[in-house]
Amino acid sequence: MNEPKGRREFMQLAGLGGVVFASGLAGACTNILRKSGGQEDDFFFVQLSDSHWGFKGPPNPEAANTLRQAVAAVNALPSAPDFVVFTGDLTHTTDDEAERRKRMREFKAIVADLKTPVQHYMPGEHDASLDWGKAYQENFGPTHYSFDYKGIHFAVLDNVSDPQASIGDTQMDWLLADLKPLRPEAPIVVFTHRPLFDLAPAWDWATKDGSKAIDLLQHWKNVTVFYGHIHQEHHFRTGEIAHHAATSLIFPLPAPMSQPKRTPLPWDPAHPRRGLGFREIFVDESRLALTLRQDSLEGAGASQPAAASGG
Amino acid sequence: MRAHWMLAPLLALLLVATNADVAAQERVIQVTAERFKFTPGVIELKVGVPVVLELTTLDRKHGFQVPDLKIDEVIEPGKITRVRIVPDKAATYDFHCTVFCGSGHEEMAGQIVVSP
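Those protein sequences? They're chains A and B, same order as listed. At position 249 of the first sequence the residue is numbered 248 (numbering that gives the first Met the number 0), and the sequence of numbers has no breaks. At position 58 of the second sequence the residue is numbered 57 (numbering that gives the first Met the number 0), and the sequence of numbers has no breaks.
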């Protein structure tokens with residue numbers, strides 16, 4: 000399906016204009032993977048987040064196009080990612096249950112155009128918090144799960160189905176049981192919607208019991224968390240755990256606590272897609288060094304998705 | 000013995016009066032929550048003057064969190080949630096709803112302003 004993607008090729012891609020962020024995991028050594036019996040080739044995946052399908056308003060008058068532009072931009076990457084992951088808020092919330100399901104169906108129809116067949120999803124509070132994830136599960140399946148890919152263990156955590164932003168003891172027990180068989184140095188990637196740490200509690204940018212999850216994850220030495228929710232890039236460490244927030248596909252939000260209210264940044268008609276984009280995550284053969292590349296939608300086509308590009 | 004029986008009502012009266020005095024010292028502020036606002040949106044307090052916030056909701060379950068004061072409450076329909084605050088310094092504290100309540104939840108916030 001996909002051609003092998005060597006580091007050199009990836010770094011060439013990174014040189015096309017994206018912002019590269021190296022997320023070094025502690026204790027990198029190449030024999031970990033061999034011990035785990037995985038393959039040795041590099042690979043990359045794409046994180047998209049916060050498309051808020053169904054949103055209408057001044058912060059993004061082109062909202063009906065943005066998700067399609069992102070799909071086209073991912074399809075236009077020189078190499079196809081091994082998989083894509085959406086870290087929540089696929090749809091914008093609505094009180095109307097029928098409309099909620101309609102938005103989810105429309106979202107699925109749009110992302111069906113992704114050429115990458117392997118796709119992973121999780122809910123954001125806009126998808127799940129008004130009905131404890133009922134409509135989401137009907138359309139996308141479980142809200143928390145795990146999978147393995149080429150020597151990395153990926154765990155998807157749900158910190159949004161509970162409208163009070165808790166993971167909950169049941170899911171925490173599941174996470175412990177899920178990770179328990181792994182060696183302490185096993186590479187682990189966690190996907191979630193809200194930050195697990197207290198980034199800005201006054202703006203609801205936190206998970207009520209996120210510290211419990213972090214305490215649990217700290218038993219493993221090579222953990223990286225990718226999340227959404229805050230509509231901007233953000234990089235932070237809690238101990239050995241790296242946390243990376245993604246830009247959104249709807250409108251950017253201000254830097255944490257940089258202004259009195261977390262209102263969306265004003266839409267700029269001269270740069271209608273500024274601050275919108277997605278992320279490529281390159282995994283080297285050690286499985287312990289991740290390289291992040293930020294792709295902006297700003298260079299994407301004005302209104303025709305087919306004209307979009309990832310640069 | 001008879002003297003004790005006569006003193007008892009007087010003692011009870013004194014206790015009621017004492018409780019009434021304490022209650023009188025504590026200012027009560029009614030705060031209502033509804034999608035997607037708190038009323039009042041700005042709660043004005045004085046340093047050293049204790050207050051009790053009586054939180055109620057007009058529509059559905061909401062949250063009331065003041066991170067800097069370590070206050071984190073849930074407001075259930077049909078119930079009054081009481082929060083006692085004794086401000087110890089002049090400052091402004093942000094509060095917000097912590098129970099996702101729909102499109103507009105992000106704007107459901109307010110401030111406690113403590114003046115000298």
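If you're looking for bench data, these hints aren't it; they were derived computationally from the structure. Certain hints may be false.
To be verified - Each computed DSS-like pair below joins lysine-lysine, with the alpha-carbon atoms no more than 27 Å apart:
no. : chain 1 : residue 1 : chain 2 : residue 2
1   : A       : Lys207    : B       : Lys69
2   : A       : Lys133    : A       : Lys207
3   : B       : Lys60     : A       : Lys101
4   : A       : Lys207    : B       : Lys36
Stated by the list, open to error - Now the stretches of chain A that chain B is said to cover, found in silico as 3 or more residues with beta-carbon under 8 Å:
no. : segment
5   : 97–104
6   : 122–133
7   : 275–289
Note that the structure is predicted; figures quoted are calculated from it, not measured. Where is the CB? At the ideal position from N, CA and C, for every residue including glycine.
Discussion item. Of the numbered hints stated earlier in the document, which are not met by this structure?
Written reply: 5, 7
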